[in-house]
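J.: Spelled out from the first residue to the last, the chains are:
Protein chains: 2
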Amino acid sequence: MGKQLHLITDGNFSNQHLQIIKRIHDNIDYLHIREKMKPAKDILKIIEGLENIKFPPAKIIVNDRADLAVMKYGAGVQLAYHSPPASLVKRSFPDLQVGKSVHSLHEAEQAQQEGADYLLYGHIYSSMSKLNQQPRGLVELQEITSTLSVPVYAVGGITPERTNEVIAAGAAGVAVMSGIWQADDPLQNVKAYHHTLNTWEGG
Amino acid sequence: MGKQLHLITDGNFSNQHLQIIKRIHDNIDYLHIREKMKPAKDILKIIEGLENIKFPPAKIIVNDRADLAVMKYGAGVQLAYHSPPASLVKRSFPDLQVGKSVHSLHEAEQAQQEGADYLLYGHIYSSMSKLNQQPRGLVELQEITSTLSVPVYAVGGITPERTNEVIAAGAAGVAVMSGIWQADDPLQNVKAYHHTLNTWEGG
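Chains as they are written, first to last, in the UniProt record's numbering: chain A, 1 to 203; chain B, 1 to 203.
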């Protein structure tokens, strides 16, 4: 089965982001709207911009706010530490996919127990400059994916080149920000991620 | 029919507020949780504190976030300028009372057209020191209440003594903050509001 590619907005969503999404959206599985400083009205405007370029609502995950996801027929909500507990969100909004962002095995186990449908775990790589060091994130990622039953997506500094080892550690896919937003050629990078995620056969 | 008394939190909710609510809650119709700087998790904690003192969820209105109101069986959601439009909230959450905060006749008409169930209009009084001047807020309040069909609650500097003239201008009730939170004797003030609101027979 193909692994997933999640794209997370970087907090500075602009028309430029919309233009990038327009070019790449066939190759991403989910777009997370994560614009922590923006009020609800502005988040809705972003989603309306996506509607205008025919981006499928079923690929949209809204950070923190289940209400906005429901209002715009989004796929789900991504919960952070400051968000409502997954159990409460699942009970009130059973049709939403509920993801939880976690940073340790302990948090991951707790989130699974609360009923989260999937997890984002990170950051896997703390620095782009330490390519030859085994990052702690990858070791714990392996521990988490082998312990839990829900899908775990890895996040944090994951380049197309690093995607293989992340998937080898049991991730169900990767979630990226700078790997696409800051790429010289976002489409080329998306295709590189997509290729690795869909041809991976190791184990 | 009795007019309503809404109490709005002041953005610094603490255990002290909870103690005040415990003493006065029989005499207020709705409590608006308006803690703009607090994340969802902290808003939920406030509501759980209210649950612990047996404050009825059906008297709770959550600012901006319909999802938290739904999760905690609250009465409704209060929308501000930066919030989702009332039309979208009503469509997705038909069981919630949807209030909108407005500051002019134009905004009030728009909110009614969008399907808001009631409005908060203010500020009625800009300063506590100009008791003898006819405040503009009261004139526009009269204009708004005579033009619209939805209930309009007045907010902003309303003391127990001023409640009569606000109701005379057509308000369906008053919403207060400092008039209760900063009162020397909150219970006495609540009773004073309550008495005026429930004995008013002018017109």
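Hints in this document: simulated from the structure, not taken from any laboratory.
All C-beta atoms, glycine included, are put in the ideal place defined by N, C-alpha and C.
Just to be clear, a hint being listed does not mean it is correct.
BS3-like mimics (lysine-lysine), calculated; alpha carbons at most 30 Å apart, straight line [as the list claims (entries may be wrong)]: (1) Lys59(A) x Lys59(B); (2) Lys45(A) x Lys54(B); (3) Lys45(B) x Lys36(A); (4) Lys41(B) x Lys22(A); (5) Lys22(B) x Lys22(A); (6) Lys90(B) x Lys90(A); (7) Lys45(A) x Lys36(B); (8) Lys45(B) x Lys38(A); (9) Lys90(B) x Lys54(A); (10) Lys191(B) x Lys38(A); (11) Lys54(B) x Lys41(A); (12) Lys54(A) x Lys59(B); (13) Lys54(B) x Lys38(A); (14) Lys191(B) x Lys90(A); (15) Lys59(B) x Lys38(A); (16) Lys36(A) x Lys54(B); (17) Lys191(B) x Lys41(A); (18) Lys191(A) x Lys90(B); (19) Lys41(B) x Lys90(A); (20) Lys59(B) x Lys191(A); (21) Lys41(B) x Lys54(A); (22) Lys38(B) x Lys38(A); (23) Lys59(A) x Lys38(B); (24) Lys54(A) x Lys45(B); (25) Lys59(A) x Lys54(B); (26) Lys191(B) x Lys45(A); (27) Lys38(B) x Lys90(A); (28) Lys59(A) x Lys41(B); (29) Lys45(A) x Lys90(B); (30) Lys41(A) x Lys38(B).
Part of the chain A face toward chain B, derived, beta carbon under 7 Å [unchecked claim]: (31) Glu35; (32) Met37; (33) Pro39; (34) Val70; (35) Ser83; (36) Ser87.
J.: Which hints, by number, does the structure contradict?
T.: When the structure is compared with the hints, numbers 1, 2, 4, 5, 10, 11, 12, 13, 14, 16, 17, 18, 20, 21, 24, 25, 26, 31, 32, 36 turn out to be violated.
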